[in-house]
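Enquirer: Listed here are the chains, written in short residue letters.
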Amino acid sequence: MIENGTFKPVIVGFLCNWCSYRAADLAGTSRMGYPSTLRDIRIMCTGRLDPTFVLRALQKGADGVLIMGCHPGQCHYQAGNYKAIRRFALLKRTLRQLGLEEERVQLHWASAAEGVQFAETVARMTEQIKALGPLDWSHNWPNEDPYAVEEATE
Amino acid sequence: MSEPRVGVYVCHCGHNIASAVDVEHVAEWAYKLPFVTIARDNKFMCASTGQEQIEQDVKEHDLTHVVVASCSPHMHEKTFRNACARCGMNPYLFEMANIREHASWVHPNDRDGATNKAKALVSAAVHRVIHHQPLEPMQVNIRPETLVVGGGIAGIQAALEIADAGHHVYMVEREPSIGGHMAMFDKTFPTLDCSACILTPKMFDVGSHPHITLLTYSEVEQVDGYVGNFSVRVRKKARRVDEDLCTGCGSCWEKCPIKVLDTVFEAGLGYRKAIYRPFPQAVPKYPVIDTENCTYYKTGKCRMCEKVCQTNAIRFDAEDEILNIEVGNIVLATGYKLFDCRRIPQYGYGRLENVFTSLEFERLTNAAGPTDGKVVLRDGETVPETVAIIHCVGSRDKHYNSHCSAICCMSSLKFAHLVKEKTGAKVYNFYIDMRPISKGYEEFYHRLLHEGTTFIRGKVSEITDAAHSPEEEGKLVVICEDTLVGKQRRVPVDMVLLAAGLEPRADSSEVGHLFGVSCGDTGFFIERHPKLDPVATMTEGVFIAGACQGAKDIPDSVAQGAAAAARILSTISKGQVILEPIRASIDESRCSGCRICNNMCPYNAIDFVEDLAVSRVNPALCKGCGTCVAACPSQIITGAHFTFDQLMAEIDGIMVDVTADDPFAVEAV
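Heads up: the sequence lines are chains A and B, in that order.
Residues 1 to 154 (my numbering) are what the first sequence spells out, left to right.
Residues 1 to 669 (my numbering) are what the second sequence spells out, left to right.
By construction, these hints were calculated from the structure, which means they are not laboratory data.
Glycine residues also receive a C-beta, built at the ideal position from the N, C-alpha and C atoms.
Accuracy of the hints is not assured; some may be wrong.
[Unchecked claim] If you want the ones that stay clear, here's a sample from chain A, every Cβ over 12 Å from chain B, calculated: (1) Ala89; (2) Arg93; (3) Leu95; (4) Arg96; (5) Gln97; (6) Gly99; (7) Glu102; (8) Gln106; (9) His108; (10) Ala119; (11) Gln128.
[To be verified] Straight line, CA to CA, 30 Å or less: simulated DSBU-like cross-link-like pairs of lysine-lysine: (12) B:Lys439 to B:Lys531; (13) B:Lys337 to A:Lys60; (14) B:Lys237 to B:Lys285; (15) B:Lys422 to B:Lys337; (16) A:Lys8 to B:Lys32.
[As the list claims (entries may be wrong)] Rough simulated footprint, nothing fancy, chain A against chain B, three-plus residues with beta-carbon under 8 Å: (17) 90-102; (18) 628-637.
So here's chain A without its partners, still in its complex pose:
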């Protein structure tokens, strides 16, 4: 996104309800500032993260995607974040083949008490993506909605 003439990344965040969304809430209640680049979506668990969500966000113009969950071993649903790690590894492999830079899609952990770490993660990722520049996949992606086909056959 171009704001006031300069490139400002848009990062779509997927935050789990129990740890990282609460960390973001804590960053808010404790007034720990971070760049206004993150637009976050709440999911119950990182285990719910369908890799196509990440692709959709990038397709729609996101410059980066930040997935955050509970620390390994601390998942509210016991093991959802481990499932997320595995899917993330596969997704990254695909994205690498598509030529996407490593920093654009990241997976991190923040417990409900880690407002500071949450704010730092967003700030760090913002700097990394600023250095990379816009992704602009929206213009390099086929115009048709890939899911529209599926719906049409029903």
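Keeping the supplied structure of chain A fixed, place chain B upon it in accordance with the hints.
Expert: Just chain B now, with coordinates in the frame of chain A:
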């Protein structure tokens, strides 16, 4: 079905949101979003006027969906869902955009950025909400039994309140007796009433209560289920004494030839036997055999306790028992751990003989303790003439614990009083700040000032036995900067007491994980809300009470124990609890029976129906994490309220061009 009609409400939250977000602009812009029938801004949406606005608009404008952009859904989602429900809407046709915690409060100096982010979040919510489906919350029956984990004063209070109301309580305690830390203390501040005198009647009540099953020397191993219907596996460690036969007469531990240093109850100052009862008033009264030290388990010989037992209650071959209990609610009252003073080497604990911890002093001054209540040095006979009490040991110090342990000021004052009363010694209290904040505490501090205790304001840098002058010879020298006078002091004393801080239990994170409760950055359990919901947790049906939630004294622990009990009693009397309908369901007509989801579920909630060759979710076991939904290769598992369509629409909505005046001009056509 007719087109959706969405109402959008953007909250100012006084200045909390409006100071960083252009609220009016966000509301005007939101009006252009697809299907938005009405968009308003409001000073306080959570106030009754804000809620009434929603109710009025739903009726007048025939709204089908509602979006409120205000604070975190963890704060007010319930409030607005209820407002929607009041005007006959299904509460799940509501969505919230968090523009306070996630926008105005974190981007206070970036008005454009915060406003743009707020627009994106509102757009996401509008795009998402039109895909929402009406959901019916699940009602489940609440089992009236309750599990209380931890038999300290907080757990005892909670158990008694619930049991007195006529409902059954299982109390699980790790140690052989209930009582917790309070049972080790001598006097309680500020009234100086005897700790045992006020605690032991309650312990006795727990032990003899018809509605309490006491499981001491036991630990919870597994917790399954959900609020109202938890199944808990408890390991009851083998006492090796038959509780049905034992009378607690005491001849076994009198005759047992093995003396063991008691590091738990006597804080390393006294001894117990290899078969022992932790303290005379222990509940239950039965002893336990310590197999690590018992001769029989080393050489196969001795069996002295068996020989002297009149009722033949000794069972050398007893094994751990596994109990499965069903409960509706759980109270965690697992207490605290005392800061290990060895971690501050310059204070010399463990190296300098006459440096004591607060717990050691409690035992020293306790009439039932190892010295029969005599305050003496480590040699067991010398009465100290000068005593230094160091406050804030391991607390309020970024190297150890940044939190204030809340009790040390008052217990240090209590120690000063007891030392003076019992020995007439000169007492120096070294403090950073005095924090006697509760009822009667400040008065107690003034009493101590009048009694002649010397207070020196300053953090002690070192305690040493290296003398610089003849009067320091053979003494412990406390070195400290007196910050009120502005000079360095060396105070020679005979005895030093370290007021050790309170820390979370060493295994609090594992215990928390077992029960679905998370720990804060200090390691104490996190409550649902720090002010308004201090005993509930993010897991429905699991409550926390006492020092496991944060350092606190006896009155506060008792209050929390009773508060947790009150919360539980209200659900028991209601008989039912409403669960979020966030559950997975499988479209069986399209399921290929690949069984990939079966192994995904951490709760074994997905069964494979053999004759139909499809998978099926058991809604009572499903907790709605959505891991199976993401895993299904045919995308035929629906995660209610977090469906594929809803989340995809939310992504599309969040990515709209917020800088454009009317990003939907084309789409709307």
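Enquirer: The structure should be examined with respect to each hint, and the outcome stated for every one.
Expert: Hint-by-hint comparison with the structure:
| no. | hint | verdict |
| --- | --- | --- |
| 1 | Ala89 | 14 Å, holds |
| 2 | Arg93 | 17 Å, holds |
| 3 | Leu95 | 16 Å, holds |
| 4 | Arg96 | 21 Å, holds |
| 5 | Gln97 | 20 Å, holds |
| 6 | Gly99 | 21 Å, holds |
| 7 | Glu102 | 22 Å, holds |
| 8 | Gln106 | 17 Å, holds |
| 9 | His108 | 17 Å, holds |
| 10 | Ala119 | 7 Å, violated |
| 11 | Gln128 | 18 Å, holds |
| 12 | B:Lys439 to B:Lys531 | 20 Å, holds |
| 13 | B:Lys337 to A:Lys60 | 52 Å, violated |
| 14 | B:Lys237 to B:Lys285 | 16 Å, holds |
| 15 | B:Lys422 to B:Lys337 | 28 Å, holds |
| 16 | A:Lys8 to B:Lys32 | 24 Å, holds |
| 17 | 90-102 | holds (count 4) |
| 18 | 628-637 | holds (count 3) |
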